[in-house]
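Peer 1: Chain A is fixed; fit chain B onto it per the hints.
Those protein sequence lines, which keep their order, are chains A and B.
According to my numbering, the first sequence is numbered sequentially starting from 1.
According to my numbering, the second sequence is numbered sequentially starting from 1.
Since the hints were made in silico from the structure, they are not lab data.
If you're wondering where the values come from, they're calculated on a predicted model, not measured in any experiment.
Heads up, some of the hints might be wrong.
[What the hints assert, rightly or not] Below, a list of computed lysine-lysine pairs in the DSS-like style, where the Cα atoms sit at most 25 Å apart:
hint : chain 1 : residue 1 : chain 2 : residue 2
1    : A       : K656      : A       : K358
2    : A       : K317      : A       : K410
3    : A       : K569      : B       : K65
4    : A       : K392      : A       : K381
5    : A       : K474      : A       : K441
6    : B       : K17       : B       : K133
7    : A       : K668      : B       : K19
8    : B       : K19       : B       : K133
9    : A       : K656      : B       : K133
10   : A       : K410      : B       : K65
11   : A       : K584      : A       : K621
12   : B       : K150      : B       : K78
13   : A       : K552      : A       : K668
14   : A       : K410      : A       : K584
15   : A       : K569      : A       : K532
16   : B       : K65       : A       : K532
17   : A       : K668      : B       : K17
18   : B       : K65       : A       : K317
19   : A       : K569      : A       : K400
20   : A       : K532      : A       : K33
21   : A       : K400      : A       : K358
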Amino acid sequence: MAGRTLEPMLEMYLFESSQLLEQLEEILLRSEKTSRMSEDDINETFRIMHTIKGSSSMMMFSNLANLAHHIEDLFFHIRENKPASLDYSMVCDLVLIALDFFRNENLRIESGEDSDTPEGALVDRIASYLQQITGRAAGDDTATALYSQHPPRDQKFYVRQEKQELVQINWFRGFIQFDEGCEMENVRAFTVVHGIKEQCEQMYHYPEDLFENQECSQFIAQEGFLMAFSTRLTKEQVEAQLQEALFVKSILLNDLDETGFTEAVKELERRSKPVEEAGVDSGNSSFVSEQENTEMETIQDTVKSLKQSMITVNINKLDRLMDLVGEIVITESMVIRNPDLAGLQLDNFSKSARQLRKLTDDLQDVVMSIRMLPIGPTFHKMQRIVRDMARKINKEVDLKILGEETEVDKNIIDHLGDPLMHLIRNAMDHGIEEPEDRKSKGKPTKGNITLEASNTGGDVLIRIMDDGRGLDRKKLIEKARLKGLITKNDDEISDEEAYNLILLPGFSTKDAVTEFSGRGVGMDVVKSNIEKVGGSISIDSSLGAGTTINIKIPLTLAIVDGMQVNTGKSLYTIPTVAIRESFKAVEKNLIKDTDDNEMIMIRGNCYPIVRLHRHFGVTPKTDSLLEGIMIMVENDGKAVCLFADELLGEQQVVVKPLPGYLVRYPVKTSGIGGCTILGDGSISLIIDVTGIIYRTIQGGSV
Amino acid sequence: MNTKQDSLMELEEDTQKGKYLTFNLGKEVFGIEIRYVTEIIGIQPISAVPEVPDYVKGIINLRGKIIPLIDVRLKFKKEAVDYNDRTCIIVIDIDNISVGLIVDQVAEVLNIEDEDIVPPPEYRTGFQNKYIKSIGRVEESVKLILDCNKLLSEDEMEMVEQAVQ
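With the rest of the complex left out, here is chain A:
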């Protein structure tokens, strides 16, 4: 089919199905927890599988369609017969496995491979389970009859006799127009037909050959899509169902009686000559009469108001927008701090400049807020991991999620999934004890893991708390010593340092390697992942009572407030959030230890001095600590004093990554986080305070 080669169609398919799968997963996990499924949930599951089946078969992914079809059957049975003794965890299990299958296949499709993994085994499992429960529900033949139904794309007319007399049957004539430019009209129409035909006794539509004929897409776009069907649903229900379809611009639904229906069907059959012809004499094949037109407009309005006012935007466009706003911020300061203006008394100009500044600030805020996403979905994905692991390792764990509405930059969210998963796995595997263990310790057998996000000014704080066994300080130190990761005396090591040992590469306290953790990779990967997005991680624990892992990440990466300093000819930007104070050093406070390490005493505390010119290897204007300026920077409770030539002022800067070519050199680890372009076009290097402090204080001694 031509559709296979169409990129936008494939993209749409992947996008839609990934959203549906996510939705489905949520439903399943929820119902598994409460071990019951509400009617809505069942219907929703049914609908989702139905849509996936439709779109998959449309895209010729027959394995996916077949699998979806069988799940649909299962839920059809559940919905129709409402079996009293249903093992919901079994159902959820089956569907979740299928869900993973879909996800895997979608990934493969996305990476350009063919989706051809055989679905047979999974289908058999579902089918046999269905048989098992149908057997239990004793002698319901509608479901089994349906079960043998063929995949839908082979059929054009759907006639179902079995249920005809059950409820009053309504006849409808439906006319649908799709949004202009939504493309793939034939596919959309097919989705609509597909969505409703399950509830229909009879279904006819025109154009009839939605796929065999390439022109019909264009025809539907111009003329609309006509169908006639009989169903047990009421008009309202049908309308609601039709409106669920994507890109539907308007729906016109006429009540018919039985004779009217036959006529409508005849009309359709008459039309079912090749579409090209119909398309040519569109004058008389137009479906809509004048009167219907006005009627349609009113319906159109209601449809519009029902639709969510959301749009999906390609992230690249947002990135581009962000870049542009960044350029505007730079240009703005280029204009306002133009050297030509220096020393002039410009009241009006300053006023307008302030106004401009305010507007660019607003603009920046808006663009930022567009990129902000609630962290909820990322957290909810963890539910699945907790569930799967709990089963495999036989632990009972409850995951509590707090603050899911906290918003974080999209780029950062993308980097959070993996570290969180690692941490949750660790908490479950290492932290939470076996149920019997917990009982003997007087804890509830069910372990608790809390995932919490909160907003603290410029940062987002994410906490992962468990009430498990906690970290054993002694064991950690012992292990570290064994691996030669530590040289200090036991009592010189603070609790915090001891706990942070688990962040080192190659450190694992677990003796046995399991499927999930214990290999000693992981925590250092977590750490580097978090640091990649400018965050930091710290660990707090009390033996026997649990562990808390705190992750601090910045709200956004793109724009920071910074203090400009210079050393010789080089310019550096120090993020304002990290600066505690800046001052001129006084001779009597300066100290040198025996290794010539310089320190400074401030209010009774001693801080190491980092001479930026030595650290970065440049020639300074002044070598004397008394002449230059000291800037005390702080991170995670540790502080150092940076020594620079002079302070140049505060400015908002747009963070740009270092050019790709430089990645091979250890520029990053030397304490440069990125760079930025200043108002006059010169480049300033952004100092990574965490990196410098780490290098100075810890200096590899731990």
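Peer 2: Same frame as chain A, now just chain B:
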């Protein structure tokens, strides 16, 4: 649409084929394939970057884009010279990595036919042979054609060498 783009690309490559930008380092004349060259600019204020080899002079701001600079003289282990108004930066782009090459002066764009291009001699002369892809003959003179990919990627080897020293 794709095929259209492809053919456009091919066309562009066609017009660029056989053309080399030549520049001088001292007495030698080097050439690089023109398709790598994005633009040529005069020398600019450079911001030094820590922890890089000496031939990476730093970064510059090229209309909002940040580009690292390699001093080709230093890269080839020749003696450093002061930059003057003839010093040029040739900005090249290889696999979406942009780098500026600092050279003594840019000469001209030359057409060198394929048959005038010969592989470099096998033996290693005193000169850093490994960056030379081939040698082009134009009338009586000889142009050393650089392998841009090697110019950018050979570094790991060198870093190892440095570490050993």
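Peer 1: With reference to the structure, classify each hint as holding or not holding.
Peer 2: How the hints compare with the structure:
no. : hint              : in the structure
1   : A:K656 <-> A:K358 : holds, 23 Å
2   : A:K317 <-> A:K410 : holds, 13 Å
3   : A:K569 <-> B:K65  : holds, 20 Å
4   : A:K392 <-> A:K381 : holds, 18 Å
5   : A:K474 <-> A:K441 : holds, 20 Å
6   : B:K17 <-> B:K133  : holds, 16 Å
7   : A:K668 <-> B:K19  : violated, 38 Å
8   : B:K19 <-> B:K133  : holds, 15 Å
9   : A:K656 <-> B:K133 : violated, 34 Å
10  : A:K410 <-> B:K65  : holds, 23 Å
11  : A:K584 <-> A:K621 : holds, 16 Å
12  : B:K150 <-> B:K78  : holds, 18 Å
13  : A:K552 <-> A:K668 : holds, 20 Å
14  : A:K410 <-> A:K584 : violated, 41 Å
15  : A:K569 <-> A:K532 : violated, 29 Å
16  : B:K65 <-> A:K532  : holds, 22 Å
17  : A:K668 <-> B:K17  : violated, 39 Å
18  : B:K65 <-> A:K317  : holds, 18 Å
19  : A:K569 <-> A:K400 : violated, 53 Å
20  : A:K532 <-> A:K33  : violated, 35 Å
21  : A:K400 <-> A:K358 : violated, 41 Å
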